[in-house]
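Spelled out from the first residue to the last, the chains are:
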Amino acid sequence: MPKLTPRMIISLLIALALLLLPLITDDDNILTLLLLTFLMAGLASSWNILGGYTGQVNLGHAAFFGIGSLITRQMWLGGWPFALSMASGCVVAGLAAAVIGLPAFRLKGTYFAIGTLAMAEALRITIGNILPTVTNLPTEVIRNYELAPRYYLMLTAVLLIVAITIYLNNSKLGLGMMAVREDEDAARAVGVNVLRVKMIAFVMSAFLAGMIGGAYAFYFVSYYPNFTFGPLFSFDAITVLYVGGVGTVVGPLIGSVFFVILRDMLVKNLQGVHQLVFGLLFIVVVLVLPGGLVEAWDRIKQYVRINQSPTKNQHRETKAQTYPGENLH
Amino acid sequence: MSRKVCLLLCSLLILVLAACGGEQAPETIQIGAVVPISGSLAGGGGQVERGYQIAVEDINAAGGIYVKEFDKKIPIELTLLDDESDPNKLVTLLESLNSDQKVVAYLGGFGSGQHAAAAAIAEKNKIPYIGVAFALYAPHGQGYKYLFSPFPKSQDMASDIFAMLNEYLPEGERPTRVAVFQEQTDWGVELGDLWREQAAAQGYEIVVYEEYSVGSSDFTDIILKAKEADAELLLSLPTPPDGITIQRQMAELDYTPKFQFTIRAPDVPTWKDLGEAGDYVALAPGWFYGMAYDGVAELNEKHMEMTDRPADPIVGPAYAAVQILADAIERAGSLDRDAIRDAIAATDMDTVVGPVTFREDGTGVVNAPILQYQHGTIELIYPSEFATAEMIYPIPPVSER
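Top to bottom, those sequences are chains A and B. Just so it is clear: in the first sequence, position 175 is 175 by the numbering used here, and no numbers are missing. To convert a position in the second sequence, counted from 1, into the numbering used here, add 329.
Hints are computed from structural coordinates only; laboratory data are not their basis. Note that the structure is predicted; figures quoted are calculated from it, not measured. A virtual CB, placed ideally from N, CA and C, is assigned to each residue, including glycine. Take the hints with a grain of salt, since some may be wrong.
Unchecked claim - Stretches of chain B that chain A covers, calculated by requiring three or more beta carbons in the stretch to come under 8 Å of a beta carbon on chain A:
1. 384-390
2. 421-431
3. 440-450
4. 534-546
What the hints assert, rightly or not - EDC-like cross-link-like pairs, simulated, lysine to aspartate or glutamate; straight-line CA separation at most 16 Å:
5. A/Lys268 x B/Glu406
6. B/Lys474 x B/Glu659
7. B/Lys402 x B/Glu356
8. B/Lys587 x B/Glu630
9. A/Lys108 x A/Glu182
10. B/Lys587 x B/Asp602
11. B/Lys455 x A/Glu146
12. B/Lys455 x A/Glu140
13. B/Lys431 x A/Glu140
14. B/Lys402 x B/Glu659
15. A/Lys268 x B/Glu659
16. B/Lys431 x A/Asp26
17. B/Lys556 x B/Glu581
18. B/Lys474 x A/Glu140
19. B/Lys455 x A/Asp27
20. B/Lys431 x B/Glu356
Modelling step: build the complete structure from the supplied sequences, incorporating the hints.
Structural data, given as structure tokens:
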């Protein structure tokens, strides 16, 4: 059995508290806010696999979230069992990434980013034309709507994505992804199949975004089918990640708390200037902590370590022994 | 019995009596509204916000709403939050208004998509919801019990145009050859279907029915089809950018039907930038500041103080929504949500949008005025009893203006 570190104990306690919360409170306000935090955490974490670990900036992530939600919603409301509908949504999102990935990975850097954005926008407009009417949960479902199952579904999806990113941190595949991110040519030279690694990351990222989309289709009462393909979902996920910390496990989780809960507090308490204040806070975080809020934790640890070290020289020696990738949590 | 025990018993007795004395009157009546103040729907949301603010100020200036249960007037406290035109934030904020403020009713925002999501949350939370600024009927077809909308619906807009033409024009002069440019959105599909039904029922023939996507930049194909088919009446409901593009391209292609009814796009002030090309178009924004109902003059005056212009088209219906809610709370005589819901359903009152009652499905029976741009000025042409000018028909070709 692996040794439990303080960080693991804290993480397990938080996960346990989140699992028990619906049993303690039935306040839909708290549960909704947390559910939307999970949504952003899930979207950002799934984007992180391709963008953070593999270094491929995908501005069309919403397309896979949208595919997941569309397939799940249409099948589920069409009478199929929900689990099968959601599984289909994930698979179709993953397949779409496989189909798009092959030509898209002929593009690099900015061109790949713009290409994926264009793909998502084309899908959004097409879906809007084919399915222009709003999709509602049946009235009876709304009248007997229970938030707790939706909360648990979204939480489970996020925990699964977190587990996958933890696995990536310690696996050959994950190291391959990070090698591709740092230098594609160098990665190729040491035997990494770059296209294969990129494709796996893209399909994995899309599959998981589709899973979050499926959970969203189960949760949200009424929306236009092309709404989930909107660029806002891509950009919000990226914002969350840059606030929290790119290429880390906990970055998207911390970033989503900042993004959803802080914004909600600002809307309620600083009506009129809430967007300005949030924008300023975002700029401050990015400028002061380029590695995201995760970096704040690292700095605190470093500060404590310096103060606890018998001499500063000893600390310098310790610091010199660190290696790239150590700060990938 | 000692003096201390006696005092204790007396205190307990006072507490018990106080507890039996019924619920204490709240300091304010909590009403919640989530409106898009920023984002893509901010233009319309701003109008809704102004309407609510002026109405709440007016009611509170008179001491608030009389609530029989507490035998006193209680002022309204409106918590109005910005959803940034995002349905996700809208839902969160509606939940928070329920949990934190314990609102007795919701007032709606702007835009059909936002209303559809909000109405579902209201139904889930069993909180009465009054929403204006959405003509889409579909949410009412869901069978919601708590949704009320004192605003003209697609059905009214589809039938009124033919009713007006039939009232004003003798049979041989009517523009019976109709072209419909249908936007590929839910409202577009809904209204397009209703126009088809109504045209057939009222002696008109659809000769061109063309669908297009929102945000298109080239409408020449569908305009030429209407021109070639000699369509005399053009019906459409484009967004403002699309509507302005259509109008420009119609002028370039020298196509002027005998009458043009365009919903939504001409409602915005930028329509005037079209100059002569945008003149003579008929529109139905849902309300008009020139309607001679009680309270409209005062509303215009207050709106002038805020914005230097008379009340915008959605300000009136938003003001009326608060009037309806206040009246319902007073008739309910309590702050119980279900009692208020039942009182709203039984509404029969005069407001700044005229007399209002509700159908079983929550749609309001309200007047839906038809206006027309006449030499750059908006005139009310229908219903005839409120008309500020006669309908100009046939409208002169752009080249002859």
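Against the structure, the hints:
1. 384-390: Our answer is that it is violated, as 0 residues pass the Cβ test (under 8 Å) against chain A, missing three.
2. 421-431: holds (count 7)
3. 440-450: holds (count 7)
4. 534-546: holds (count 3)
5. A/Lys268 x B/Glu406: It holds: about 15 Å lies between the C-alpha atoms, which stays within 16 Å.
6. B/Lys474 x B/Glu659: violated (20 Å)
7. B/Lys402 x B/Glu356: Judged against 16 Å, a Cα distance of about 10 Å means the pair holds.
8. B/Lys587 x B/Glu630: Outside the cut-off at roughly 37 Å; violated.
9. A/Lys108 x A/Glu182: Given that 16 Å is the threshold and the Cα spacing comes to 14 Å, the pair holds.
10. B/Lys587 x B/Asp602: violated (22 Å)
11. B/Lys455 x A/Glu146: Holds: B/Lys455 and A/Glu146 sit about 14 Å apart, inside 16 Å.
12. B/Lys455 x A/Glu140: Holds, at roughly 13 Å.
13. B/Lys431 x A/Glu140: It is violated: about 24 Å lies between the C-alpha atoms, which goes past 16 Å.
14. B/Lys402 x B/Glu659: holds (9 Å)
15. A/Lys268 x B/Glu659: violated (29 Å)
16. B/Lys431 x A/Asp26: holds (15 Å)
17. B/Lys556 x B/Glu581: Distance of about 12 Å is within 16 Å: holds.
18. B/Lys474 x A/Glu140: holds (12 Å)
19. B/Lys455 x A/Asp27: holds (15 Å)
20. B/Lys431 x B/Glu356: holds (13 Å)
When each numbered hint is compared with the structure, violations occur for hints 1, 6, 8, 10, 13, 15.
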